[in-house]
Amino acid sequence: MSQPLETLRTDILIIGSGGAGLMAALHALQADPDLDVTIAVKGLIGKCGCTRMVQGGYNVALAPGDSVERHFMDTIVGGKWLPRQDLAWKLVDKAVERIHELENELGCFFDRNPDGSLHQKAFAGQSFDRTVHKGDLTGIEIVNRLMEQIWARGVNKLEEHRAIELIPARDGSGIAGVLLVDMRTGQYRYVEAKAVLLASGGGPTMYLYHTPSGDKACDGMAMALRRNLPLRDMEMVQFHPTGLLAGTDTRMTGTVLEEGLRGAGGYLLNGAGERFMSRYHEHGERATRDIVSRSIYAEMRAGNTTPNGGIFIEMAHLGPENVSKKFKGMVERCADCGFDLAGGRVEVVPTAHYMMGGVEFELDCGTGLPGLFAAGEDCGGVHGANRLGGNGVANSTVFGGIAGESMAAYVQTGSAAWREADKTVLEAGISRAEHPFQARGGNLSDLRERLSHCMWDDVGILRTRDGLRAALTALGDFRAELHETGLADGDRAFNMTWHDWMNLESQIDVSAVIATAALGREDSRGAHFREDFPETGSLEETCFTRITQSDAGLALDMVPVDFSIVAPGQSLIEDEAGAPPSAAE
Amino acid sequence: MQDTADREEMLTVEIWRGREDGALQTYRVPRRESQTVLDVVTWVQRNEEPALAYRFACRVGMCGSCAMQVNGKPRWTCRTHVSRVAENGLLRIEPLANLPRIKDLATDMAPFFEKWQGARGRHEPTRTRHEPMAPVSSESPARKAANAGIECINCAVCYAACDVVGWDENYLGPAALNRAWTLANDERDADKAGLLQAVSQGGGCHSCHSHGSCVEHCPVGLNPTAGIAGLKRMTLAALMKGEL
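As you go down the protein sequences, you meet chains A and B in turn. Residues in the first sequence are numbered consecutively from 5, following our numbering. Residues in the second sequence are numbered consecutively from 11, following our numbering.
Some hints here could point you the wrong way.
Said to hold, decoys possible - Over the 12 Å line for every Cβ pair with chain B, so calculated as not near, a few chain A residues: (1) G53; (2) A250; (3) G251; (4) D340.
Said to hold, decoys possible - Calculated cross-link-like contacts (lysine to any residue; reagent style SDA-like; alpha-carbon spacing at most 20 Å): (5) K161/A with D119/A; (6) K83/B with D173/B; (7) K329/A with K202/B; (8) K125/A with N157/B; (9) K98/A with R139/B; (10) K332/A with K154/B; (11) K330/A with N157/B; (12) K330/A with G28/B; (13) K98/A with E104/B; (14) K125/A with Y194/A; (15) K332/A with P229/B; (16) K161/A with K154/B; (17) K329/A with P110/B; (18) K332/A with N157/B; (19) K330/A with G267/A; (20) K329/A with R349/A; (21) K329/A with G176/B; (22) K83/B with G176/B; (23) K161/A with E161/B; (24) K94/A with H140/B; (25) K161/A with H31/A; (26) K202/B with R137/B; (27) K154/B with S71/A; (28) K154/B with L122/A; (29) K154/B with D119/A; (30) K161/A with R139/B; (31) K125/A with H31/A; (32) K332/A with E161/B; (33) K125/A with R137/B; (34) K98/A with R137/B; (35) K154/B with G267/A; (36) K98/A with F132/A.
Unchecked claim - Footprint (simulated), chain A over chain B, 3 or more residues, beta carbon under 8 Å: (37) 43 to 51; (38) 56 to 66; (39) 105 to 116; (40) 139 to 151.
Bear in mind the hints are in silico, worked out from the structure with no lab data behind them. Values in this document were obtained by computation on a predicted structure and should not be read as measured data. We treat Cβ as the ideally placed atom computed from N, Cα and C, and that holds for glycine.
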């Protein structure tokens, strides 16, 4: 049986410990060292989530000849004119200060040139070499340095605490706190807070092949949805073309083999061992992520596949020794799993990587619920239809820092207080989490498999109206089936299968939002491709999707994009934005 | 006669169940071609033991969450191929050594991170976000020394492998001291004396007896022993000069 609810109290509660959550905690304490700040996270501080997994780096306009305007134009053009422009501007502008903070104050050890200046590399879809990095493990460097600073400060740590419900105030005036479960013991904890940051990250883990960390399940978006907060751009799910394919029952399947392999001249081969990319695009393997992913998917659908149902990547023609030297990390990773990337062929498959969409938020990271702030991949609007590689970690750290400052300021205002919780929502949250202990039967693994195939086949890289409608029906059935599925072991302490159950609930809820948005967008751009509407249509009339949940179900609005800084056809720079290199070296 | 070619190849897997008190339980797990130890643990959770506790996150050797003892040795399980460690089809999987146990295969890593702080494992800034970045040549010897140790994923495999950690609960351990070594070589750091003070206290670098178990087990190929030797030299030199 579950134990009685415990209640804790803090000024600022942060959900998540990636780039957004950790940066927010630091900035809140810089603004006011007397604040009581608590971080609650599903894994260990700094050791779960996706910022840590960043390989590429951090886009920022620093070098002579580059400019914030150029970075902005690359972001807008790359995002197919869908980004909310003031947010995109905030990203590129604030990234300059943030990278200095990371290097100077937090001690990040970014790669240098022999002359002592920062090294910036080329990355896909950008018109300038602006990606700051630490080898090809930039995320580890950034999160390790943030994590050390957090451990040194008096931040309350609720590790292995899963957030299960955002609790509003009884009088409807704003957020009152968050219901959590201590995963180690199964104890429910309600944390009252004057301000809450949703920074749990996105992560399209509902797809058969996916890159994000195993703890990710879109919990943050699912919780926001239950509070009727609008989500935007949810149809925009970025697929990385080359995820590792290691066969049945392997966790490593879906994880990214880096873009640079294609940029350096790697071949993609179908099951018959033939190169095929030139049939789809003039740039061949070096075409952009979306084009390569679609081409691989088309090849797979035509049945030209490898033994495990993907395609091959082959690097050997570039000289196995060179490949081993240049892509040491990737070659070693493959070798550990029994694959020879340098000299042989490795099976790969496109893999769901990043959600451009998420909760609508403001420049100060505020949301529609007073006292609730959001930052990072939980949010939508910064990237539009496509995120540039290197803009993800910039997004989480830039907006995480802003959120920390905003929350500190908010807590100092008169409108912030510990609000009295809406007990009904609190109790409903606990019953929702308790439900699988009462249910009987069912097969969770089998349900997860079917969800992942449904999303992959019908809400994936190539979409049609019929497929999306079928998926929405199936998702409704999955939800009903989940509620009939129970847990075979009633132990609440560190019960991974209980958390798998709750992960599935979040994933199914957010999958329905993705499918609804994808059905609503009757054009193709960026990450979203409709076979029945393959044209992009008029950029001037660009709308974004906004989905809100109510008792009646999911409601979709198509909202015109406000070209507040630059309109299609205009530019802030002289030459072309978003241009080469098409695949980074 | 049964056709053995049709029979699925199976592993015999012993897994620790319980807290400090517990026992090994035995499971039969189907062998797969590209299977890691983490895949074996996952299979057991999904098919045999639904409440089995274990920790993992990234699945690819970046987060350092999934280390366990595998046939007696500490390893990152997500990148340990079964064929490299199974002995006659047998795997014994236990929680990482030298850390308090939470349940089954999950340990409490807090002492490891507290010691990281004990070694002053964090940057002390000399510049603010409003100043230009320090020029540091990629070719300078100190930069190269720091770079050699910087890519630690704090998986605590070295901490579990170290016999000094096992017998001296105050010993900071290889990972924390390795981090201190990277800071000692970082010209941007503001408080070298404080750093050397922290690492030369009781339980600091002088407790290391250079057995090299950390080097042998580090999954990312770092050499904490060399860094700790560097700290010993650096602290002695500072002592001679009266800086400590």
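Hint by hint, here is what the structure shows:
1. G53: At roughly 7 Å from the nearest Cβ of chain B, G53/A sits no farther out than 12 Å, so the non-interface label is violated.
2. A250: 4 Å, violated
3. G251: 5 Å, violated
4. D340: 4 Å, violated
5. K161/A with D119/A: Judged against 20 Å, a Cα distance of about 41 Å means the pair is violated.
6. K83/B with D173/B: 12 Å, holds
7. K329/A with K202/B: Measuring from Cα to Cα gives roughly 34 Å; hence the hint is violated.
8. K125/A with N157/B: It holds: about 18 Å lies between the C-alpha atoms, which stays within 20 Å.
9. K98/A with R139/B: Roughly 11 Å separates the two Cα atoms, so the pair holds.
10. K332/A with K154/B: Distance ~18 Å between K332/A and K154/B Cα, so the pair holds.
11. K330/A with N157/B: 17 Å, holds
12. K330/A with G28/B: 45 Å, violated
13. K98/A with E104/B: 46 Å, violated
14. K125/A with Y194/A: Given pair K125/A, Y194/A is violated - Cα atoms ~45 Å apart, limit 20 Å.
15. K332/A with P229/B: 14 Å, holds
16. K161/A with K154/B: 34 Å, violated
17. K329/A with P110/B: It is violated: about 39 Å lies between the C-alpha atoms, which goes past 20 Å.
18. K332/A with N157/B: 16 Å, holds
19. K330/A with G267/A: 12 Å, holds
20. K329/A with R349/A: Holds - the C-alpha atoms of R349/A and K329/A are around 17 Å apart, at most 20 Å.
21. K329/A with G176/B: 37 Å, violated
22. K83/B with G176/B: 14 Å, holds
23. K161/A with E161/B: 25 Å, violated
24. K94/A with H140/B: 17 Å, holds
25. K161/A with H31/A: 16 Å, holds
26. K202/B with R137/B: 15 Å, holds
27. K154/B with S71/A: Distance of about 31 Å is beyond 20 Å: violated.
28. K154/B with L122/A: Since the Cα atoms of K154/B and L122/A sit roughly 15 Å apart, the hinted pair holds (cutoff 20 Å).
29. K154/B with D119/A: Holds, because 14 Å separates the two Cα atoms, which is no more than 20 Å.
30. K161/A with R139/B: Judged against 20 Å, a Cα distance of about 26 Å means the pair is violated.
31. K125/A with H31/A: Given that 20 Å is the threshold and the Cα spacing comes to 28 Å, the pair is violated.
32. K332/A with E161/B: 13 Å, holds
33. K125/A with R137/B: The hint is violated at about 24 Å.
34. K98/A with R137/B: With Cα atoms ~18 Å apart, K98/A and R137/B stay inside 20 Å; holds.
35. K154/B with G267/A: Cα-Cα ~28 Å, so violated.
36. K98/A with F132/A: Holds: K98/A and F132/A sit about 18 Å apart, inside 20 Å.
37. 43 to 51: Coverage by chain A holds for the region 43 to 51 of chain B (6 residues, Cβ < 8 Å).
38. 56 to 66: Our answer is that it holds, as 10 residues pass the Cβ test (under 8 Å) against chain A, meeting three.
39. 105 to 116: Held - the region 105 to 116 of chain B has 4 residues with a Cβ nearer than 8 Å to chain A, which meets the minimum of three.
40. 139 to 151: holds (count 11)
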